[in-house]
Every structure is written in C-alpha cells, then in structure tokens.
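Chemist: Each chain, written out:
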Amino acid sequence: MSLQSLIMNLQKYWADQGCYLAPSYDLEVGAGTMTPDTFFRVLDKRAWKVAYVQPSRRPTDGRYGKNPHRVQKHYQFQVIVKPSPADIQQLYINSLTSLGIDLKDHDLRFDEDDWESPTIGAWGVGWQVMLDGLEITQFTYFQQAGGLEVFPIPVEITYGLERLEMFLEEKDNIYDLKWSEDVSYRDLRYEEERQFSEFNFSQATVPSLREIFNQAEREAGRLIEKDLILPAYDQCLKCSHAFNLLDSRGAISVTERVKMIAQIRALVNQVALKFTGAGGAS
Amino acid sequence: MEFLLEINVEEMPSSHVRTAIEDLRDRFEKELAAAKIPVKELRTYSTCRRLVVVAELAEGQEAREQIVTGPPKAVAFAADGAPTAAALGFARSRGIDVARLEIITTEKGEYVGFRRIEKGRDAAEILARIVPQVIGSLSFPKMMRWGEGQLRFSRPMRNILCLLGGKIVPFVIDGLASSDTTTGHKIRSPQKIAVTSFEQYRAALKEHLVTVDAEERKTALLAQIENLLAPLKAQLYPDPELLNKLANDVECPLVIMGVFPELYLDLPLEILSTAMREGQKLFSVVRGRKQLPCFLGVADMPADTRGFIQKGNERVLKARLEDARFFWEQDLKLSLKKRAPALKHVLFQEKLGSYDDKTQRLKKIATYLCGKIEDCKDAADVAMAAEYCKTDLVTDMVREFPSLQGKVGGLYARVEGLPADVSQAIYEHYQPVGLDDESPLSLGGAILSIADKLDSIIGVVGVGVQMTGSSDPFGLRRNAQGICKIILDRKLNFSFPRLLDKVLAVYGDKLKRPKAEILDYGREFFLNRLRYIYERRGYRYDLINAALGAGLDNISHSFLRVKALDALKASPQFEPFILMAKRVNNILTGQPACSLNADLFVEKAEMNLFSTFSIVRENVVPMIAKGDFAQAQKMVFRLQPGLNQFFDSVLVMDKESRLRKNRLALLQAIRRILVQMADYSQVVVEGEQPAAKK
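Residue numbers (the numbering used here), protein chains in the order written: chain S, 1 to 282; chain X, 1 to 694.
Honestly, the hints are just simulated from the structure, not real lab data. Even glycine gets a Cβ: it sits at the ideal position worked out from N, Cα and C. Nothing false has been slipped in among the hints.
Derived CB-CB ranges, DEER-like: (1) X:ARG671 to S:SER253: 51 to 59 Å; (2) X:PRO402 to S:SER98: 30 to 38 Å; (3) X:ALA223 to S:LYS66: 41 to 49 Å; (4) X:ARG152 to S:GLN17: 26 to 34 Å; (5) X:PRO576 to S:ASP114: 57 to 65 Å; (6) X:ARG152 to S:LYS12: 32 to 40 Å; (7) S:GLN90 to X:ARG152: 17 to 25 Å; (8) S:GLN17 to X:ARG289: 48 to 56 Å; (9) X:PRO170 to S:ALA15: 33 to 41 Å; (10) S:ASP105 to X:ARG289: 33 to 41 Å; (11) S:THR97 to X:ARG289: 42 to 50 Å; (12) S:SER98 to X:PHE525: 55 to 63 Å; (13) X:LEU42 to S:SER253: 53 to 61 Å; (14) X:ALA63 to S:ASP105: 54 to 62 Å.
Here are some chain X residues the structure puts well away from chain S; computed CB gaps all over 10 Å: (15) VAL39; (16) ALA194; (17) ASN227; (18) PRO419.
Chain X extracted, bound-state conformation:
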C-alpha cells in the first residue's frame, strides 16, 4: 500500500530541508519498525516548500498467533476425557466450539486453551498516530512559532497531504488537519490539486510547474548552464554550495544569462564573484581564471519570456558592482598601514579587547612560530603580515562583503606594493575555513593562520566562554580543525605545548581562568579535534586512541603514530606484541618507580632482555625524535622474543626485594620507550573485550 506524505511549508532554508529529510527517513523507519509495519521501500523528495515521504507499506501489522488459556486440564476434563462444565463454560464465554480446546503446557502446569490468530492493526490507524508524532518531533537549528499555534518548526506549516492507499490518513497537528490536496507553483499555479497517488502527485505537480525531486532540479540546472556556457567556451566559477542552495530554493528551475559593463572587469575575480553571489545569488562566469562580463542566475519560472528577469538582475548587479568599484577605489586611498590604528575601535571579544590588541598578540605569536619552524626564512615578512592582516576589517569592501575578509587585505597589500610574501600571507590567513577548504599555500599564510586561530581559542577559552554541544559561538572547533589541518598538510614540526605556553604568556594577565585549567582544556580540545580528523580519514578508533594516548607533544607526530600503527596492524608481530605490552602494563600497575642496576641481574633471560633492550633503545630514541614511528615500531618488535623468554623463565615478583625491584625497573624502562610510541593498552586485540569507544 502506498503511503504519501507532503508537509507543505513556507520557504525553508536549504540546510533545514536537508536535515529534515534525513530525520523524516530515520524516524519513519524507526517508528514503522517499532509498530511492526513492514516497509518495502521508503523514498524522500523535497523542495524549499515541501518535505515528501513515499513508502510502500504492508496493509497493517502482521497477524500474530495468540494463545488463550482457560482452566487447568485437571478441572477441565473428566477422567473419561469428556469436557467438564468448566471447559464448556470457558469455551462458551470465548465464543468458540469446545472441540477447538487443546492442552497447553505452561510453566505452571497443563491447562486447556485455544489458539487464535490476532489480526494486526491497520497501517492507517497506526500512521494516524505516528505521523503527527514524527512531524512534531522534527527539530531545526532555529525554530519558530506562527499565528496562534503552539508548534515550533522551521517555517510556518500550511498544509499536510497524507494518504495511505489513496485515502486520507486522518489527524490534526496544531489545528491543521491532514488533507488529500496540494498546491502547485507559488506564483504561477497556487491552486489546490487533488492527489490520489505519488505518481499522479508527481505528474500533477510537474504540470503545475513543480519538480519535486531535488536531484532532477539540479540536473536540469546543470544542463541549462552547460547549454549557455558551451558556446562561450566558458565555465562557472565553482560554487557547489550555491548550486545546492538554488536547487533547493526553486521549484521550477530556470537559468538566465545576463551581462554587465566591461569596465567592472578591472575588479579582482574574488570581488566580482562575491558581489554576484551575495545578495543576488548569481554565478560568476569565467574562462580559466578570467572573469567574463556576464553572469548566470537561477529563477523560479518556466521562462523569462519578456526578458524582465534578466534585465532586472542586470540592473541590480550593475548597482552592486558600481558600489564594489567605489569601495575598491575609496579603500585604496588609505593604505593598510594608515588604517591600522582604526582597529582599536573594532571589538574582537568583549573581555579580550580590540582587533588592535589581537594584532599585537599575533605579531608575537607568529614571530615565535617562525623561530620554531625550520623553513621559515623571513620572519620580518610574517611579522609585517601579522601587523596588517586585520586592517581590512576597517575597509568598506569587507564591511560590505564580510566573507572576503583576509582576501581583500591581501589584494590591497598587493596593489600597495607590499612584498609578495606579505600580501599572500594576509590573503590566506583565514584558510582553511573548514576541513574541506584548502590550507594556505604559503608558509607565511600557514603560520599566521595558526597564530590567529590559536589566539582566538586560548583567549575565548581563557575568559571562560563555555562550549556545549552544538553551541560554539566563536567557531573554535572549526578553528582548531583548521590548525590541525595546516600542520598535517604541511607536516610542520614544533612543540605544541610550548606554543600553547607562548600564547598564554602573550595574553599575560588578561585571562581569568587559571593557566593549568586553560592548558588542560586546550589539550583535551585538540585531542578531540584530532580524533575527529583521523576518524574522518578512516583510521581505526582504537589505533587513534592509542596514538593520541602517547600525548600531544607534536601534532605532526600524532598523525605519524596513527599511520605507523595502521601500517603495522596487519603484521603477524603486531597482536602478540600488543598483548605483551599490555602484560607489561598490568604487572607495573601500582608499582613505585624503581631504579635499574645491571649488576643485579641473575637470570640469563633478564640479562638477555636487558642487552636487547639497550640496543633497541639506542636505535629507537633517535627514530622517535625524528617521528619515524614505523621504523621505531619495527625495532621495538625485536623485544618480543626477549620479553617472552623473560616472562617464561623469570619470576618478576621475586621474594627478594632487590631482585624484584630491579626486574620491575627493567620493565619500567621498556615501558618508558613504549609510551612514546603509543598507549598500547588502547589497542583492541581480537578476542578481547573492546575498550569503550571514547
């Protein structure tokens, strides 16, 4: 039986539509499974005004056999096997023939009873209960109310089409009764349309200018774009996010092309494409990296018959480009250097002061980092980039297009004739904006980006702003991920704890939380971000935990540790070694630190282990320092035979305290090396109970 639900809502943001559709699928699958209604197929569709679920359901719950028991056998039947009055009475009261009675064995003994098939409840009845629950349980990042209703939703809900086998599933949500109608295109076909099935619904909507399948709309957009651009040998300036938003926002996708005067081509591509995207949601058209004097826009219409949509968009865009050109020319009249003092009036964070304060800190942090990173040749350039990187916040261009922060500063620095390394570092210092964004190409940009992001994290954490669940007002998680990504992409090597110390020192006494607390929080925060990044890259969670368990001395090293564990996990030596390492750990639990004295070894096995260990240690220490954990790991495997022999033939917990302590000391020395590679106790070996996932 076909189930069809369309929740008709006033225009929802595309992000809301995406999560609502996922939630609807999950909840329906879960609720229908819980209600024991078999689901053959469940599909979803959407536009900004419609959330649609179609499913092929059984007519109802599956029939179940039920056993009804009556009096005990002994009471129900006489000695000759004839039914007694009790049995006859039971059969009569249940409305069945006495011949259907049978003997039912229960835990309490034998009883008479009968079996009957209980018909399941109808799907319609169950859906009438489930659908309002599911709709009412949907949640959105920002919820609203409307009219006099109590329901909170993404945007006002205006109609609910809900059919099972072509018949209305009756229910009421917040005063809105389910119906068997929908409406067509908002402007062109707003009338009611009667619906009987999904295929008829889909076809009727098509006729009324609505394509209900988001993929189909996107394909149509791409095909129209291709048709318009192919003759020009041009491409879209890529913007997949905008394309997805527009495929959501229009029910009847139409691509229009428009032109603008060539004089605006003097503006950089970044500014042109942003002026087009923001506000009007237009696409920039390029050939290679060169902007062409035209744009593509998406309308919610079957055709631009009279050309008004194109003309209107051209007029609005021209005004915006005129503005942008005005800002560009005005901004360039005042150099970044002369702008810098105005940063005193721009707030970074209430308790952390202005962007001028931030700039002063950035200079110190970036200079420190330059000293710690080998390839950093020109610290003066990085310091200059730090000095000017925030000054574009006081330009008209960034006030108009905040998303261009950094880039605008970089472009102005280039025009002003600052060194190329300086302008590039400024340009790139917000990158990467997310894990899918590119890291800065220049080392200067990378250093500045790390400094800027870490300054924000330590500062905000340090004044006690709490991050809970989804609340992350300063984007600190994204910032921390950005830092990790840069370090991993560029394979930067420096002591992370010392960098944290440096940032804290630069803040001086501005942070009210105790330093130890900030450092703890910061370390845990970064560990969690790294865990997320490594999991996203597909590594086993227990190997990640083991690698991160070795500490956060150097972020690049933490990744090399994960890679080493991952590379060696399939080797035959791996699991036996893990078990051995755990054994070492276990025996050392609760033992005080002991000192090692080579003269106290008496058994051959302990002497052998000590001498192998001495060689292994000598080799492994420089490998660890270099971050060559794969080699170090292989080297450490060589301890295995010696350890086996040691545990087989030496009694660690010897009665004699001197011998016992010396043996413990040997194992402690081994463990000190092992913990620099990984916390092996976190590795899950087959057959063991997995450790709780962190």
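Here chain S stands alone, though its shape is the one from the complex:
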C-alpha cells in the first residue's frame, strides 16, 4: 500500500461513518487539533464529524533529512467525532482492519497517554495506540479547549500517517516510503526537510520572527475587539508558528517562553469565550 492509498482508505472509511472530509487547513500548525475544523467545532454543542489530512510542522524536530523517522513536517490524519459514540474504540479498530491489517497476528494496545496543549488551553484523556510496539495513533477524549470545558465530549483520533505507512510497508526509513507507486517520500520530502531544517535552525531571522509574533498578537487582539474571531484565531496560529520557529532558533529565554505561551493562550481563550457566546456583550 502507498501513503496515498492509505489516505484514500481512511477517507473512505471515515466518510462512510458520516464524517465530512475537510481539506487541509492553509496555515502552518503544529497539529491537526489546532485547525478551525477541530478547535471551533469542539467548543459548541452541535454534533460534528470530520476527517482530514493535516500537514503538521514542528520546527525543532527537523533533522536535515538525516534521521530515518524524525521530520520537521509530517502528515496527520485527524478525525473528530462529537459526541464520542459508545463504540468508538471498535470503530477505530475496524478502520485498521479496513486497511488490511489482520489484527489476530498483531498486538494492538491502548496505552495510557493523556494529551495537552498549553498554547491553546486544551487537554484530554486517552491513549497512544501501539501496534507491535509502534505508536500509530493518539486517541483522546477532549475535556477542555481554549481554556473552556467542552460538552458534549468529542473524541479525537490522530493517525500518524508516516508511522502507519512504515508499519504497512515494513520499512525502517521514512524516506523509503511510497507516496504512490512511482513517487517516493524521498522524492517529495527529502529536499524540503534538508532546506527547512537549515531555515528552522540557522536562517530564520530572529528579529523578523519577533516582529511577526508581535504583529499577529496585536492583530488578534484588535480583531477580537471587532468580533472577527475566525481571523483573530488565524493570527493566534501565526503567533504559535512564529514562537515555534523562535524556539528552534534557540532565541527564547526562560521568562520569555512562559510569557509568550501565556500571551497566545490568553488570546485563544478570548476567542473561545466569544465563540461560545460567553464573552459578554459585543
């Protein structure tokens, strides 16, 4: 199986479960959780089912293309189902079976691993799903987002697509994976990893990153005032990515780190409050 058929299989499987197939979001994010299709949709009361591929950037994980399984950008397959159905674990297990994994020959385990993202004020309870010792999925029942309790409770299933594909292809090196029959992960991603690692660690200009951070922070605050919370949230995501790049440049001091995370979280919290209507008169 190739990565693209893995993606198509998962899309087909979750669409059959009633998920809407969202396109990937067009801003840099650290995880699928941060895109509006998850962040806003877990906050309100409405039932929601969505599945999408999200490129996720973690600048500090860059290894110049030299590490066989660590990359500064990877692809997540994100599923949100709200409220979480009683048979959600079985639905997830069936999704693996639908990929042709014969689970009677493998060891599938739900291993305690709670998830939290201080930047967007979110946490949940759940597991890392291990398949023969390989972590292939993060499985989380959301409890809070944007600093607010969520209800009904959404379940988030985040497949690590490269991990899963490495399992399916029995490969040891991420760059050996097939994206399609003719195109390899190396063809598509190696040069990108090399160049972006150089950018993340050495070339990104610290003063302009700080300026981007400050600008986006100001903009977010201003947009919140004007009740333009969707664009305001985009600005929060820009803050978050600028912060991650500053971090990979080693440019953030101790006190600054705490302060910057708190700044983003406060903005995200205001966005969440306005979105849920708890933010007072507008």
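Knowing the structure of chain S, use the given hints to seat chain X on it.
Modeler: Just chain X now, with coordinates in the frame of chain S:
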C-alpha cells in the same frame, strides 16, 4: 447468594485500577454493613478493562422482631380480664387474632400490643440502590467525561454486569443499564457473553482469552519469562513497576523475546534499558550487570504465531536505539562545561529563574555543607559536581529520556574524564527518588542531592506556592523525604536550622515571603515528613512526637531520640519517670524563669536533688551533644529517687518567695536538660488519656 459485579471500562491506567479496586472493596463492605446485609466473603479481580467484585451475601437483611403497641392496658381490658372494644378494634385493625395481644411495659406505662417478625428487605433491592452509589462515588486522580454523559470516571464505562444469584440487579447509571453479559478479549473475542455465575464467568472469559485475576496473569508472565531466560542463564534488568503495569495492561499475557544488533551494546546499560522501557515497555535482558543483545516484551495475545509481534517490536526498538546512539555521539561532541551556559535558557521555576541560577546556588550550598560534614574531604570535587550536575538537561539524551536526568550527566562526565568522585556525585544527585529508592552511595552525591532538594523546597515555599492535600506540583514532599532518608542512611551530623539559614541567605532577596514565615513553614514541613518516616519504620506515634518535640536541631539526632525512647520504653523505670517529668512540667506551667542559688536550699531533699542533678548534668551534656540519647536517658533516670524524695518532703510552693523561686529554679534547670532529650509530655502512659494523635 452470589453477587457479581463487573464494571467494564476502556483501558484504565494501572494506578487507577489499583485504587478503584481498594475503594470498591471498602465501600461495598461499608455499605453492606450499613444496610445490614451479612457478607460472607468479598473478593475483587481486575484487568485494565474490568473492575470485578464477587461476594457471597445473605438473601436479605436479617429478620427483626418488632413490637407494635396499641391502647393502654387499662383501656384494653375490663376488670375481669376480657378484652374491651378498644382491644378488639386494635387487633382487627392490625389483622391479628386478639389472643396474640400481650402486655407491653414501656416507659410510659403498660400497654397492650403484639410482636411481629419483620422480614428484612431483599439484598437485590438494596443492591440496586447501593451499587450505582458506590460506582458513582469512585474517584480517580484525573477524571473525565465522555459522550453526552454527566458521570466522571477514569475512562469511559461501557458495560455493567451485575448479578445477584444469577439474576440481573436492575439499575441505570448515567444512561447505562446493568446487564447479564460481558465481552471477551478486545481484539480476538469482542462478542457478548452471557453470564450466570462467577465460576461460569471466569471460565467463559478464560475461553475468550481473558484472565481476570491479576495475580494469575503476573504468575503467567513470570513463568514465561523464566522459560525464555533460563536457557540463556540471563535475568531481567529488574523493573517491578513495569511488570505490575503490564500485568494490568494485558488480559491475555504473552511474553515475546526479540533481538537487536550487537553494535548498540556500546551504549550504557542505563540508556539501553530506558530506551526499551519508555515507549515500547520492553524489558532489558542482562547477565549480571551486562546487557545481552535481546529484550523481552509483553503482548496481549495468545501467541505470536507468525512472528509479526516480535519483528515489529525489533524494528521499532532498532530505530529507538539508533536514536539513542545518535544522541550519545552527538552529546559527547560538546563537553558539559561548554553546555553549562545553555542552562540560562532552561526554566527552573518562573520566579526562581533558570537552572543556571540554581547551579550558582547549588555550588554555594554544597560547599557550605562540605564544610559542616566531617568526612567531606574534597570540597572542590563537590563544587565541580554542582557546577555540572544540571548540564545534562540540555543534552538530547535527557530531552529524549527525561527519567535519565543526572545519570546521563554522570555517564558523560565519566567519558569526558572528569574525576570519578565528580561523575559519581552527578550520577547520583537525584537519588533517592522515593523512600524505597537507594540513597547516593557517594558522600558527594549525598551532599549534592541534599543541596538540590533543599534549594527547591525553600525556593518554591519562599515564592508562596501552596501545597494543599494531594497537590504538590514540585514534588516537595518527596524531596524532603529524600533529604531525611539520606541524612538518616548516612548518619550525617550537622545543624539543620543553620543549613536552612544558609539556603535562605543564598537566595538573597529573591523570595517574597518573610524569612521567619519560610523557616516556620520549612521546619513544620520537615517535622511532618520525619513523623511519616518514623511511623513507616514502625515506631509508636507518641514516642515520635516526644522525640520531635525536642526540636529539629539535627535530623540524625531526632532519629536517635526516637530510638532511645523506643529502646527504653519497656524498662521498669520508664513510665514512672515519664509521670515524674510530667509532674515537673505541670508545676512549672506559667511560672516565670527563676534563678538558682545553691545557698538557699534548706531541706535535705532539695540539697540531695541538687547534688544528684549537678552530677547528672555534668555527665549528660556531652552525651546529648554526641547524640547518645540512650545513655543520656539512662543517666537521667537517676534523678528519679531524688525527685520522688523532693516532691514527698519539700513544699515547692513555699510561702516564702525566695525559697519558692529557688525550688522552681532547680526544677527549671532539670527541665532544661530533659527537653533536650524529648518532650515527655507527649508520651502516653497506660491509664492516661492518650494525647490527640498529631
């Protein structure tokens, strides 16, 4: 009648399962006792997906005799003893024969009435009320909700099997109705299974690949491990915590063995075993202290028929070891010394600054301690260890395996060729992690560990972080226990209050709480930790309170005081002496300090007491200074006859103020010696009301 409850939950953490099982047992025993349902036997079983209670219960509450009273005797019976209309009416209204009426004597006089046996309520009815209450009351360190339910639990609850005598006990919790079914192994046998009794349940689950008894699973794991390791003459690198976790996490325990390329054997055992444990939860296989190129893993499967589980784990482990080797080689390219400046960017605590700030403090505190501890020969080594002990926080290895902090620094220091004492002190400076962990073997490690932990405690307390109940975000209790354990294990002697002063001084003006408040808090904090440690070692709580009542001048001494009291508690002199000491205390309560003048003694008894006391004092003072409290205690016993005689024949509260004050002064001098040994008022003597347990 057999009661069977299985709460079926999505995979719970092993710590949650352990406390839930204890809670279930406690609550059921309590609730059933309160409901007056006799319990013959109550057992519990568990897996990560099942909390199981089995009990043999009576069919219902025991029958009770009840007395129903009617009209007064005088009204109910005529003079000739025949029942009146009132009696007949009462009997009729209650549906009984008038012949059953009898005379009942109450506080208010004689009445007619009858006795009837009230049948108790059925256990089923009572359980239908109790079970949902008990389940709803379980609490976990972290609770969650799911779906649209309101219940908070460890993980989502998916089925509740609840039977009494094979029949469903009907109730609904958060929309989930009790049932008479369970399910088998999650992957291999997820279908519903009808249940009628515990034995049938247990056997059916076995057939569906679930062993419900955690001990049985653990025994099976150990037997399989033994079978695999015996031919290799190898052992597991011990990890009882991991073994317990895995015995909880799998319902169908299978041990698999895998191998990895020998080239990774160049890595230290600590790193190999951590790379195996974290993430994949694998066991390291050793012969003696030497790692073998293989591992054991635990799967939740009946067999690895096609070898996929082994192969998969080998592939993942190889990647992890490759990472570890990469980190090892990369990290060694930059010496600890060159890494040190990067600590400025690592936060220790928001208001206390970075790990570089901490390092500067550690150097001063550790150097101070070296000066106060006799055997500490090389203060320069300890200072160097302090300088570098935190630098491994900025290595890739510790970023990857945070649990290896300290150890990694020690290993790198050794490879770099720093003095052996330095690398060992760095290696050990987080030890002991808990009371069951080993203290550092080296004195340098011990000193650094004390300095590091005390710096954290004083700093965190000093910026006003409150510890309440179970909330202890910086692990300060564990740190304080670690300090006490090291001091007690190594029998270190130094002034604890002066060390506290030193740490405060090193912090300078960084701490916003007033110094006196921090010191008070710190002292009370350590007293409580010591109380806990001594109780854990089995000493009587009142002796502990008495010993700690003498103060916290020297932590080793506080333990010697407990031991001395404990050793002497059975001696015939002990209790009379305690009573005497209390008498001295009582008479001195509220008295101002008086000065002693030997020329003012008039009675023989007071002169005798004074001269015995002078000799005793001369002997006891150096004993106390050395911490030889057992000898000192025995010496102090010699005051007993003199004190007896004194109280028998001398009137302390003499009319004449000069004599009275002089006698009080003598007793005050005696008390000043006694309080250095123990606060005897805390000792509970048989026949006395015990003092409230602190």
